[in-house]
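Take the sequences, apply the hints, and build the full model.
As they're listed, the protein sequences go chains A and B.
All residue numbers for the first sequence refer to my numbering, where the first residue is 1 and numbers rise by one.
All residue numbers for the second sequence refer to my numbering, where the first residue is 1001 and numbers rise by one.
Listed next, with one range per pair, are the computed distances between beta-carbon atoms:
1. A:Q134 <-> B:A1256: 31 to 39 Å
2. B:D1257 <-> A:D242: 36 to 44 Å
3. A:R170 <-> B:A1256: 27 to 35 Å
4. A:V279 <-> B:E1252: 31 to 39 Å
Take a look, some chain B residues computed to stay more than 12 Å from chain A by CB distance:
5. A1006
6. S1058
7. A1294
8. A1323
None of these hints come from the bench; they were simulated from the model.
We put the CB at the ideal spot given by N, CA and C, even for glycine.
There are 2 protein chains.
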Amino acid sequence: MRNANAITALVAGGAGFIGSHLIDALLAEGATVVSLDSYLTGRPENLRHLDHEARFDSVHADIVEALPARISRTRFSHVFNLACAASPPHYQADPEHTMLTNVLGTRNLLRLAEETGARFLLTSTSEVYGDPEQHPQREAYRGWVSCTGPRACYDEGKRAAETLTFDYQRAGRADVRVARIFNTYGPRMRPDDGRVVSNVICQALSGEDVTVYGDGSQTRSFCYVSDLVEGLMRLMASDADDGPVNLGNPNELTVADLVERVMRMTGSRSRVVHRPLPVDDPRRRKPDIGRAKARLGWEPVVPLQRGLEETAAWFADEQARSAPPERPAGRPALVEVAAE
Amino acid sequence: MRNANAITALVAGGAGFIGSHLIDALLAEGATVVSLDSYLTGRPENLRHLDHEARFDSVHADIVEALPARISRTRFSHVFNLACAASPPHYQADPEHTMLTNVLGTRNLLRLAEETGARFLLTSTSEVYGDPEQHPQREAYRGWVSCTGPRACYDEGKRAAETLTFDYQRAGRADVRVARIFNTYGPRMRPDDGRVVSNVICQALSGEDVTVYGDGSQTRSFCYVSDLVEGLMRLMASDADDGPVNLGNPNELTVADLVERVMRMTGSRSRVVHRPLPVDDPRRRKPDIGRAKARLGWEPVVPLQRGLEETAAWFADEQARSAPPERPAGRPALVEVAAE
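Here it is in structure tokens:
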């Protein structure tokens, strides 16, 4: 992906949190980029800063349907599939559509890659490991996923998308890369995303009760979005076509630790309240990134503190922008303090 | 399903090995039955004996496509989904179609069940357990499936089909039952099926080398088809809508044992030759049928010896029917001896 001026990339899910950052990175390297998004969870405002960018275009369509001519007639060199609701409340709202997005949508994009000779990258997920019994998770671990539970539409959908992708590879129909993305955070997450970083920051900033599911002892490993995007770019440019590659930050912390950090950083006076753990919520999740290090020379570089500060600052700006006029505009003071 | 004269059943995959026996059982109980089959692996001759049966009809269509009007306009009371190639050489021939049969095909039949108010039964598979690390396999075991390997199109396809089915259940869109079928054998298996019982019997009968993959120490548990069909009928009639139900025979034997039995029974002079184990071939597979016993009052009753004799006799008839005229017609003598 370096020296990318000859690159014409399709980013499905381009208006999403990670997709929009990936598009920024591709454009910064000289690529021509088309975003494809259904806007079911992606947001047009994530791409608004590109309205006058000559090398960028966006198409409104759902990959579950036949791809529009604007897409199927373009000779893409690279196809990135980031299209799927990724947070439980969103992907569970229409589980049938979530499954079809992963299976039929991935199939449609694989066919596009086959027809145009484009290299194809699937963003899979650490959710393919389910509630893992091996820790940290290596790519060879086959996972502990309930295929009948309420998270399965996403977890099994992504597993099936990996299957299709490697079946295209085995048949010589497409040149493929698969990333298994672990928890990622940063600006442009949806405030209603339901995931822990956005939940905690938004609640802390607004003074609402901060919700912790369970006792907070479950662990997560959070990767800042710029690190993740760098991993995706390197993976697409690499020769790692022989299996999935974990991309995530192996720095593990408990949800309780995260909450404490965010509370301190934002100077929030929110109360912390506990709610029951959702069904099949993973207790621990931490990537083994040995393969990404070896094959891509990649590892995360952004410290958690800096990433959280940038994210909190962005959410504070967002809250200010969407606040009713009587509230003071601009970034709340408590964040200015925190970002010192 | 008892006193079934008011039943109008759709059997997708009705021309297949198990599907055709299920149709016979449904008709015997007074039901009206429509078979839906793509004939990709199902065979018209499995249903030929029903050509003049007034309560039977068959439709040639692929469940991956929109269902034909003959199907979508019928008010079915019961929909059985048995449609998918089930042996590795067949389901691996077009892995994309295998995945779509399970995902899109199951979705199409679930929608039909939703529209007509029919009860829906998915035939899933012991393959959802992959190469299991728990033995025997209970329904709560989440499996050890490689989602990137060459068997995944089937294994992950069925897992995804279960997901869709229980998502319809959770949303109140359909009343569902899910069977996880373990190895099944009997008349009407395809000789080219590639599965161990049909392979060994056909090779032993014809005097060809009998192929054993690996050293033959891997175990299987074989259920005779009439037992399996009884289990499916009971499951459909039951209230077991709260999770999948294993259907299979817990009598475990090694592949080497099976080969020895068949050789003795058929008086075959074939040589036994060993070949390398295929990728991801399960080492052990044995159902825990506690749930089927408790919820359906079901367990297999046909002894292996009798089941193998009936199967060998059927294959011998088949070989005789398809033999060139210079070979003697009728059942080969070696089977007459074996069936004593």
